[in-house]
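Protein chains in written order, with the UniProt record's numbering: chain R, 1 to 92; chain D, 1 to 90.
Hint data in this document are derived by calculation from the structure and do not stem from the laboratory.
Computed beta-carbon distance windows for the label pairs:
no. : chain 1 : residue 1 : chain 2 : residue 2 : range
1   : D       : Leu53     : R       : Lys17     : 47 to 55 Å
2   : D       : Arg80     : R       : Ala82     : 24 to 32 Å
3   : D       : Ser52     : R       : Arg80     : 47 to 55 Å
4   : D       : Gln13     : R       : Lys50     : 45 to 53 Å
5   : R       : Asp21     : D       : Glu32     : 23 to 31 Å
6   : R       : Glu49     : D       : Met18     : 41 to 49 Å
7   : R       : Leu85     : D       : Asn29     : 31 to 39 Å
Residues of chain D clear of chain R, computed beta-carbon distances all greater than 12 Å:
no. : residue
8   : Pro49
9   : Gly50
10  : Ser52
11  : Leu53
12  : Asp54
13  : Ser55
Ideal Cβ positions, reconstructed from N, Cα and C, are used throughout, including at glycine.
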Amino acid sequence: MNFSDSFDSGSSKGGDKDLQDFLMVEKQKAQFNAQIHEFNEFCWDKCVEKPGNKLDSKTETCLSNCVDRFIDVSLLITNRFAQLLQKSGGGI
Amino acid sequence: MEDALPTGLSGAQKDELMDQVKQQIAVANVQELLTKMTEKCFKKCINKPGTSLDSSEQKCIAMCMDRYMDSWNLVSETYRLRIQKERNKM
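Please build the complete structure, drawing on both the sequences and the hints.
The structure is reproduced here in structure tokens:
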């Protein structure tokens with residue numbers, strides 16, 4: 001949480017630290033929510049055929065696999081890209 | 001930051017500000033859900049738009065809404081667990 005340290009100057013002035021902490025937590029929550037909206041949109045298209053009376057177990061498995069594999073792909077691409085960058089000596 | 005936020009907000013003013021922020025975020029979240037749900041369920045349920053929504057289309061929309069929220073909750077839980085798992089790895 002180094003981010004909050006940069007606002008330390010504010011803590012001496014009227015206790016703005018409370019607000020900074022509050023905003024940081026809310027921002028993280030909002031980012032988490034935005035990510036869920038995105039995953040759900042994407043995985044809904046992939047996994048849900050015709051909406052029935054409930055989500056069947058096959059669809060449920062597909063949805064959680066979809067989220068996990070999407071994150072795997074994102075991590076894989078990020079790591080491989082970092083390796084490529086390293087190999088090329090930082091210039092691409 | 002001192003320019004953006006007036007210094008010396010009273011405790012009550014701060015609480016009010018925090019409530020307002022929370023409320024605005026909640027409203028934005030619901031709006032996002034409604035927009036996506038409308039788009040997705042229209043796609044699933046309305047094949048050929050007619051002169052009105054017939055009862056089977058309305059039923060489909062209702063079911064689709066419920067399932068979309070189920071899906072949202074499941075995705076949310078899966079994502080939460082994954083973040084926890086990745087944190088434990090570090």
